[in-house]
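K.L.:
Next come the chains, spelled out residue by residue.
2 protein chains.
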Amino acid sequence: MKQIEANNPELKSWVHVAPDSDFPIQNIPFGVGMPPGKTARVCSIIGDKVIDLLEAWDLGLFEGISVDREVFANRHINDFMALGKEKCREVRQRISELLRVEDPFQAEIHSGRLLFPVSQCQMLMPVKVGDYTDFYSSEEHATNVGTMFRDPDNALLPNWKHIPVGYHGRASSIVVSGTPIHRPVGQTKPADSDNPVFGPCKLLDFELEMGFVVGKDTRLGQRISTAEAEDYIFGLVLFNDWSARDIQKWEYVPLGPFLAKSFASTISPWVVTLDALEPFRTDGPDQNPEVFPYLQYKGKKNFDLDLEVAIQTENGDEKIVCNSNFKYLYWNMAQQLAHHTVNGCNFKVGDMCASGTISGKEPESFGSMLEISWKGTRPVQMPDGTSRKFINDGDKVVLRGHGQKGSVRIGFGEAAGKIHPAKEWE
Amino acid sequence: MKQIEANNPELKSWVHVAPDSDFPIQNIPFGVGMPPGKTARVCSIIGDKVIDLLEAWDLGLFEGISVDREVFANRHINDFMALGKEKCREVRQRISELLRVEDPFQAEIHSGRLLFPVSQCQMLMPVKVGDYTDFYSSEEHATNVGTMFRDPDNALLPNWKHIPVGYHGRASSIVVSGTPIHRPVGQTKPADSDNPVFGPCKLLDFELEMGFVVGKDTRLGQRISTAEAEDYIFGLVLFNDWSARDIQKWEYVPLGPFLAKSFASTISPWVVTLDALEPFRTDGPDQNPEVFPYLQYKGKKNFDLDLEVAIQTENGDEKIVCNSNFKYLYWNMAQQLAHHTVNGCNFKVGDMCASGTISGKEPESFGSMLEISWKGTRPVQMPDGTSRKFINDGDKVVLRGHGQKGSVRIGFGEAAGKIHPAKEWE
Numbered sequence: 001m002k003q004i005e006a007n008n009p010e011l012k013s014w015v016h017v018a019p020d021s022d023f024p025i026q027n028i029p030f031g032v033g034m035p036p037g038k039t040a041r042v043c044s045i046i047g048d049k050v051i052d053l054l055e056a057w058d059l060g061l062f063e064g065i066s067v068d069r070e071v072f073a074n075r076h077i078n079d080f081m082a083l084g085k086e087k088c089r090e091v092r093q094r095i096s097e098l099l100r101v102e103d104p105f106q107a108e109i110h111s112g113r114l115l116f117p118v119s120q121c122q123m124l125m126p127v128k129v130g131d132y133t134d135f136y137s138s139e140e141h142a143t144n145v146g147t148m149f150r151d152p153d154n155a156l157l158p159n160w161k162h163i164p165v166g167y168h169g170r171a172s173s174i175v176v177s178g179t180p181i182h183r184p185v186g187q188t189k190p191a192d193s194d195n196p197v198f199g200p201c202k203l204l205d206f207e208l209e210m211g212f213v214v215g216k217d218t219r220l221g222q223r224i225s226t227a228e229a230e231d232y233i234f235g236l237v238l239f240n241d242w243s244a245r246d247i248q249k250w251e252y253v254p255l256g257p258f259l260a261k262s263f264a265s266t267i268s269p270w271v272v273t274l275d276a277l278e279p280f281r282t283d284g285p286d287q288n289p290e291v292f293p294y295l296q297y298k299g300k301k302n303f304d305l306d307l308e309v310a311i312q313t314e315n316g317d318e319k320i321v322c323n324s325n326f327k328y329l330y331w332n333m334a335q336q337l338a339h340h341t342v343n344g345c346n347f348k349v350g351d352m353c354a355s356g357t358i359s360g361k362e363p364e365s366f367g368s369m370l371e372i373s374w375k376g377t378r379p380v381q382m383p384d385g386t387s388r389k390f391i392n393d394g395d396k397v398v399l400r401g402h403g404q405k406g407s408v409r410i411g412f413g414e415a416a417g418k419i420h421p422a423k424e425w426e
Numbered sequence: 427m428k429q430i431e432a433n434n435p436e437l438k439s440w441v442h443v444a445p446d447s448d449f450p451i452q453n454i455p456f457g458v459g460m461p462p463g464k465t466a467r468v469c470s471i472i473g474d475k476v477i478d479l480l481e482a483w484d485l486g487l488f489e490g491i492s493v494d495r496e497v498f499a500n501r502h503i504n505d506f507m508a509l510g511k512e513k514c515r516e517v518r519q520r521i522s523e524l525l526r527v528e529d530p531f532q533a534e535i536h537s538g539r540l541l542f543p544v545s546q547c548q549m550l551m552p553v554k555v556g557d558y559t560d561f562y563s564s565e566e567h568a569t570n571v572g573t574m575f576r577d578p579d580n581a582l583l584p585n586w587k588h589i590p591v592g593y594h595g596r597a598s599s600i601v602v603s604g605t606p607i608h609r610p611v612g613q614t615k616p617a618d619s620d621n622p623v624f625g626p627c628k629l630l631d632f633e634l635e636m637g638f639v640v641g642k643d644t645r646l647g648q649r650i651s652t653a654e655a656e657d658y659i660f661g662l663v664l665f666n667d668w669s670a671r672d673i674q675k676w677e678y679v680p681l682g683p684f685l686a687k688s689f690a691s692t693i694s695p696w697v698v699t700l701d702a703l704e705p706f707r708t709d710g711p712d713q714n715p716e717v718f719p720y721l722q723y724k725g726k727k728n729f730d731l732d733l734e735v736a737i738q739t740e741n742g743d744e745k746i747v748c749n750s751n752f753k754y755l756y757w758n759m760a761q762q763l764a765h766h767t768v769n770g771c772n773f774k775v776g777d778m779c780a781s782g783t784i785s786g787k788e789p790e791s792f793g794s795m796l797e798i799s800w801k802g803t804r805p806v807q808m809p810d811g812t813s814r815k816f817i818n819d820g821d822k823v824v825l826r827g828h829g830q831k832g833s834v835r836i837g838f839g840e841a842a843g844k845i846h847p848a849k850e851w852e
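Listed in order, the protein sequences are those of chains A and B.
Reminder that position 270 of the first sequence reads as 270 in the working numbering, one-by-one numbering, no gaps.
Counting the second sequence from 1 gives a position; the working numbering is that position plus 426.
The hints are simulated quantities; they were obtained by calculation from the structure and are not laboratory data.
Treat the hints with care, since some could be wrong.
[Stated by the list, open to error] Dumping the calculated DSSO-like pairs for lysine-lysine here, alpha-carbon to alpha-carbon at most 30 angstroms:
hint, chain 1, residue 1, chain 2, residue 2
1, B, Lys-844, B, Lys-815
2, A, Lys-375, A, Lys-405
3, B, Lys-513, A, Lys-128
4, A, Lys-375, A, Lys-348
5, B, Lys-554, A, Lys-396
6, B, Lys-726, B, Lys-513
7, B, Lys-801, A, Lys-161
8, B, Lys-801, B, Lys-587
9, A, Lys-85, B, Lys-554
10, B, Lys-642, B, Lys-801
11, B, Lys-642, A, Lys-423
12, B, Lys-831, A, Lys-87
13, B, Lys-438, A, Lys-301
14, B, Lys-774, A, Lys-128
15, B, Lys-774, A, Lys-38
16, A, Lys-249, B, Lys-774
17, B, Lys-831, B, Lys-511
18, A, Lys-85, B, Lys-849
19, A, Lys-348, B, Lys-587
20, A, Lys-348, B, Lys-642
21, B, Lys-849, A, Lys-348
22, A, Lys-216, B, Lys-464
23, A, Lys-301, B, Lys-615
24, A, Lys-128, B, Lys-587
25, A, Lys-423, B, Lys-511
26, A, Lys-418, B, Lys-774
27, A, Lys-249, A, Lys-161
28, B, Lys-511, A, Lys-161
Make the full structure from the sequences, and use the hints.
P.N.:
Here it is as structure tokens:
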């Protein structure tokens, strides 16, 4: 495990941080927000206070770190990430120093200009996403899907344990937590009909995933080894890969999911750096059969991060429908990147990869309604007396995630999206 | 058909244009090039002369058209497209006027500063591509593939005539004509083995496609009707969707093609405006069964554009292996956009969609080696005495395309790529 000073669990801040906050002084993630009356800018967060990094720059608090003002006066963190991990570490370290109780520096006297209640800040998409790839890296999820739709005795397809299976997704429709989502319309084919019908999706689902953001370009033709891969991963977000199961079923043969996914994906607003997640490294599942050399790796490449999904009904009730963990994934991020680039495919700063639905072995850890309700055969009872096979209009789906080690909790906040009725044809 | 003055077939230029040039005064496409000793900038072309539009701006030749210098002092045409079709039409019209034999204006005396032999200009990617979608819109291609790999009696899948089937592709690896392409490596599974092997692709193929470039944003949740669709299409390019057939076969179930395609796609450097293609509108194939209302359209939405594919061997011999036509497509671009956005998926300026392989009914019009050699069973004889089932190292694949109406020929130039051996593992 890398020793990173800003991760020191002993550090305390002069900013109040509740014990169950995802954002202690050891986190310092990056995002883009609009503090009250201000333009969009690169921010961080501690406790429930957004830190305005542009203002920090203007106050001279990054003195000695060579970084242009435009990097923070920016609607995305891409230019910040493109500075490279060393520079980003210097900035994270400096923010950590400014926040420490032992060394309030000048920040406390400036705090009225620097810190804003998160409830008063509009958070925006942190990253301008170039390409987006969705993997399918949970053995339990792939097994559940194969069991339901194909053959329980051969649930995993022959390629699954050789390849971190993935496909290209739609980048333009990745939105930040809080963005309203309209139920998509499209073609579906009822089981009892030879012909498709057109209308609102009837089987709307979430998928509990984690996404990682690439912070470094590669050239076309360049491969990334598993050993190098983490140099290219700036940080992680919660990722809800909304899915229209009925649209997907009709459209996806032979070229894969398309409109069933492209109407929206919801991410959390704060990109938590891979650095901040160092304490949560853990071993991944054994891989058998042995994978090709380009997919072999050394060290702990999985991360022990508790994940949950809540459904909130319109009356405000909340039901946790899934408790899973990022460590369950069969294929880790380093393997995903090594596979993605083995053919020479290039990456650009801001490209994003998601894990695929993260399911565990137990039904309560399944990461989609498709699995939780087992194709609708096991409805979920909600606190308001209704039940759910899939997601209803008016439901808000909230993803949350964090790691805990001793007293330090590093989390992601929320990726939340409320489902609104399908739009009428204009 | 829209009357566009710059399309007038009577127009002649003071710049010499060979009769078989793709770029007469009626074309005026847009691209990005580096004239000798100059930085990248937005350009056009007439005959074999690149027109430096930044220089034209500096010379005041766009006076009266409100457009910022930065639009032309740019590595991509995205900002130019984002001005909107009306503004782009004004610019195209002005360029047309500057080039006319009757009205050389001041351009001829400036021509030493404005015009550069295309052989001396390095052409770059014209567009910063956001998202890229590949359709599968040729009935003949889909039928050929279905016949070879599934059931000749049910070659088309049940969804094919209801849906313009498509999938997301990789945007980062779309490269401009002339960029060397290395044979990809990856996993494949030989037919006689239970286990995959790793190594260079053995069945490397081209796909003859046309791509269109979106020039106008939509909001998330906004649908584009077939009637509106062409307002969103700025122009077209030739598109070679390089494909590794053996990698594809092993990886593509259940989520579609991934590394088999993402190593590279090659486009032509000039974006030919939809306006310039007005004379070539034609009817598309009858669609039966009737499509859903959101896919119905009025008017001529196909385009009569002759397309060809040549393979050049290292000794310089060339063999034309395919003569096809863009008009063969079953699903037109307006239907593709209407389908793509029916679920609310948003578009951004610079997004690209490709048609899928464009095959005709006759074997000489098949748009991929897979079809031409019928899975390798009908090798193609080359002028140098060798034969081809797929593409060899050292082969250069050249796509060309143009429409001809009377004496006016509007073309695309070339999308060319030479295959280099697979890179050694670093």
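K.L.:
The structure should be examined with respect to each hint, and the outcome stated for every one.
P.N.:
Each hint, compared with the structure:
1. At roughly 17 angstroms between alpha-carbon atoms, Lys-844/B and Lys-815/B fall within 30 angstroms of each other, so this suggested pair holds.
2. Distance check on the hinted pair: Lys-375/A and Lys-405/A sit about 36 angstroms apart at the alpha-carbon level, beyond 30 angstroms; violated.
3. Between Lys-513/B and Lys-128/A, the direct Cα distance comes to roughly 27 angstroms. Compliance with the 30 angstroms bound is thereby established for this hinted pair.
4. A distance of roughly 38 angstroms separates the Cα atoms of Lys-375/A and Lys-348/A; the hinted pair therefore is violated under the 30 angstroms criterion.
5. Only pairs whose Cα atoms come within 30 angstroms are accepted, and Lys-554/B paired with Lys-396/A is rejected, the gap being roughly 35 angstroms.
6. Distance restraint check for Lys-726/B and Lys-513/B: the Cα-Cα separation of roughly 25 angstroms lies within the 30 angstroms cut-off, and the hinted pair is therefore satisfied.
7. Note on Lys-801/B and Lys-161/A: the hinted pairing holds, with a Cα-Cα distance of about 28 angstroms set against a maximum of 30 angstroms.
8. Distance hint between Lys-801/B and Lys-587/B is fulfilled; the C-alpha atoms sit about 25 angstroms from each other, no more than 30 angstroms.
9. For the proposed pair Lys-85/A and Lys-554/B, the alpha carbon gap of about 25 angstroms is at most 30 angstroms, so the pair holds.
10. Between the alpha carbons of Lys-642/B and Lys-801/B the distance comes to roughly 40 angstroms, so the proposed pair goes past 30 angstroms and is violated.
11. Under the criterion of a C-alpha separation no larger than 30 angstroms, the hint pairing Lys-642/B with Lys-423/A is consistent with the structure, at around 21 angstroms.
12. For the suggested pair Lys-831/B and Lys-87/A, the alpha carbons sit about 58 angstroms apart, so the restraint of at most 30 angstroms is broken.
13. A C-alpha spacing of about 65 angstroms is found between Lys-438/B and Lys-301/A, which places the hinted pair above 30 angstroms, so the restraint is violated.
14. Pair hint Lys-774/B plus Lys-128/A holds up; C-alpha atoms about 12 angstroms apart against a cutoff of 30 angstroms.
15. Our distance criterion of 30 angstroms between C-alpha atoms is met by Lys-774/B and Lys-38/A, whose separation comes to about 26 angstroms.
16. Our distance criterion of 30 angstroms between C-alpha atoms is met by Lys-249/A and Lys-774/B, whose separation comes to about 27 angstroms.
17. For the suggested pair Lys-831/B and Lys-511/B, the alpha carbons sit about 24 angstroms apart, so the restraint of at most 30 angstroms is met.
18. For the given pair, Lys-85/A sits about 28 angstroms from Lys-849/B by alpha-carbon distance, which is consistent with the 30 angstroms threshold.
19. Under the criterion of a C-alpha separation no larger than 30 angstroms, the hint pairing Lys-348/A with Lys-587/B is inconsistent with the structure, at around 36 angstroms.
20. Restraint check: the Cα-Cα separation between Lys-348/A and Lys-642/B comes to about 23 angstroms, which is no more than 30 angstroms; the hinted pair holds.
21. Of the pairs offered as hints, the one joining Lys-849/B and Lys-348/A holds, with about 21 angstroms between alpha carbons and a cut-off of 30 angstroms not exceeded.
22. A hinted pair counts as satisfied when its Cα atoms are at most 30 angstroms apart, and Lys-216/A with Lys-464/B qualifies at roughly 28 angstroms.
23. Among the hinted pairs, Lys-301/A with Lys-615/B is consistent with the structure: their alpha-carbon atoms are about 28 angstroms apart, no more than 30 angstroms.
24. The hinted pair formed by Lys-128/A and Lys-587/B fails the criterion: a straight-line CA distance of about 36 angstroms is larger than 30 angstroms.
25. A hinted pair counts as satisfied when its Cα atoms are at most 30 angstroms apart, and Lys-423/A with Lys-511/B qualifies at roughly 28 angstroms.
26. This hinted pair checks out: Lys-418/A and Lys-774/B have alpha carbons roughly 24 angstroms apart, not beyond 30 angstroms.
27. Straight-line distance between C-alpha atoms of Lys-249/A and Lys-161/A comes to about 24 angstroms, which keeps the hinted pair within the 30 angstroms bound.
28. Distance restraint check for Lys-511/B and Lys-161/A: the Cα-Cα separation of roughly 50 angstroms exceeds the 30 angstroms cut-off, and the hinted pair is therefore not satisfied.
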